[in-house]
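Following the hints, put chain B in place on chain A, whose structure we already have.
So the sequence lines, in the order shown, correspond to chains A and B. Residue numbers for the first sequence, in the numbering used here: 1 to 114. Residue numbers for the second sequence, in the numbering used here: 1 to 109.
Hints are not guaranteed to be accurate.
Restricting the straight-line Cα-Cα distance to at most 25 angstroms, the calculated cross-link-like pairs of lysine-lysine (BS3-like) are [unchecked claim]:
1) Lys-57(B) - Lys-70(B)
2) Lys-96(B) - Lys-70(A)
3) Lys-96(B) - Lys-56(B)
4) Lys-70(A) - Lys-14(A)
5) Lys-70(B) - Lys-56(B)
6) Lys-57(A) - Lys-96(B)
7) Lys-70(B) - Lys-71(A)
8) Lys-9(A) - Lys-36(B)
Derived CB-CB ranges, DEER-like [stated by the list, open to error]:
9) Lys-14(A) - Lys-51(B): 44 to 54 angstroms
10) Gly-16(A) - Ser-26(B): 14 to 24 angstroms
11) Thr-108(B) - Ile-60(A): 45 to 55 angstroms
12) Leu-114(A) - Pro-8(B): 42 to 52 angstroms
13) Arg-60(B) - Pro-8(A): 14 to 24 angstroms
14) Lys-57(A) - Ala-78(B): 36 to 46 angstroms
Think of the hints as simulated: they come from the structure by calculation, not from any bench. From the three backbone atoms N, C-alpha and C, an ideal C-beta is built for every residue, glycine too.
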Amino acid sequence: DGGITQSPKYLFRKEGQNVTLSCEQNLNHDAMYWYRQDPGQGLRLIYYSQIVNDFQKGDIAEGYSVSREKKESFPLTVTSAQKNPTAFYLCASSSQGRKTGELFFGEGSRLTVL
Amino acid sequence: GQQVMQIPQYQHVQEGEDFTTYCNSSTTLSNIQWYKQRPGGHPVFLIQLVKSGEVKKQKRLTFQFGEAKKNSSLHITATQTTDVGTYFCAVREGGKLQFGAGTQVVVTP
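Next up, chain B with everything else stripped away, as it sits in the complex:
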């Protein structure tokens, strides 16, 4: 099945700084979804990207789908303590959704 690699696995960020997490695939993706899981919580859907080169913004979060549709990124500007958690990308393969291993984000005040 499709495999997506997320990097980095862990990210320590100073409050106010920016950071980016990446999701890479060896195959062309039809679409990609991003989820956020707060510590002790459950994953919550953030966004879906479908088109080549697509860029979508949600306040301080910017999501991008690569031109070749083999990679995606999530960039967060001016990190806040509320951004702490694990961010997952996920790809649909037929009737199922396959998740990457996630990037665990820790924010230092």
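Bound-form chain A, shown alone:
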């Protein structure tokens, strides 16, 4: 089935450790996104990429890094510089060719810093 796969679903990390969240899509979408969601909050954009080997910062990029070496993959690294990393992380993709350009989301990765 086509879709977006995020892993791991749950992740625990000690303070000072970097952690990488995986996001893979087989929808042949050009654009991919990472959002952060805190309890009772909306979605805040961390990074997005419209094409392979290119990405742009969103509204809260500090303490995060990404890469886009392949069309289907857009991993997010939460570095030790991120002051409050405990959150629900959502990856999404969209097709530039679709009229609506709606986002298709993965099921999310819930990160808890101990």
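Quick look at chain B alone, frame taken from chain A:
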């Protein structure tokens, strides 16, 4: 960047009642999208509005885009327990999609 304000933040609804959630912007929008996120789930696309004054219906859901393209609304009639969740509006700004804070809907049987 564009900012969209959603009101109310929370909405408690008795099953069978109607309710409306609003999305407002200080600037003119090219289009607006609506998403629904069930508790514990991920956002799912509902619809996109593009034209001034546009109205679209999906069963019990009615979506409207304001004449000035600065606001939008989602009206749900005869609320059911399956309507529980958070409803987000989102606007496209260049290559990115910016989301409102959402309206969290709780349905009481």
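How the hints compare with the structure:
1. Proximity of Lys-57(B) to Lys-70(B) is assessed by CA-CA distance (about 20 angstroms); at most 25 angstroms being required, the pair is judged to hold.
2. Between Lys-96(B) and Lys-70(A), the direct Cα distance comes to roughly 20 angstroms. Compliance with the 25 angstroms bound is thereby established for this hinted pair.
3. For a cut-off of 25 angstroms, the pair hint linking Lys-96(B) to Lys-56(B) stands: about 24 angstroms separates their Cα positions.
4. A distance of roughly 29 angstroms separates the Cα atoms of Lys-70(A) and Lys-14(A); the hinted pair therefore is violated under the 25 angstroms criterion.
5. In summary, the hint linking Lys-70(B) to Lys-56(B) is supported, as the alpha carbons are separated by about 17 angstroms, within the 25 angstroms threshold.
6. In summary, the hint linking Lys-57(A) to Lys-96(B) is supported, as the alpha carbons are separated by about 10 angstroms, within the 25 angstroms threshold.
7. Among the hinted pairs, Lys-70(B) with Lys-71(A) is inconsistent with the structure: their alpha-carbon atoms are about 35 angstroms apart, more than 25 angstroms.
8. For the suggested pair Lys-9(A) and Lys-36(B), the alpha carbons sit about 20 angstroms apart, so the restraint of at most 25 angstroms is met.
9. Judged by the Cβ atoms, the range 44 to 54 angstroms given for Lys-14(A) and Lys-51(B) holds: they are separated by roughly 52 angstroms.
10. In this structure the supplied range 14 to 24 angstroms is violated for Gly-16(A) paired with Ser-26(B), their Cβ-Cβ distance being about 41 angstroms.
11. Thr-108(B) and Ile-60(A) have their C-beta atoms about 35 angstroms apart, which leaves the hinted 45 to 55 angstroms range violated.
12. For Leu-114(A) and Pro-8(B), the hinted distance range of 42 to 52 angstroms is not satisfied, since their beta carbons lie about 35 angstroms from each other.
13. Hint check: Arg-60(B) to Pro-8(A), Cβ distance near 37 angstroms, so the stated range 14 to 24 angstroms is violated.
14. Taking 36 to 46 angstroms as the suggested C-beta distance range, the pair Lys-57(A) and Ala-78(B) conforms, at roughly 44 angstroms.
Hints 4, 7, 10, 11, 12 and 13 from the list above are not met by this structure, while the remaining hints are.
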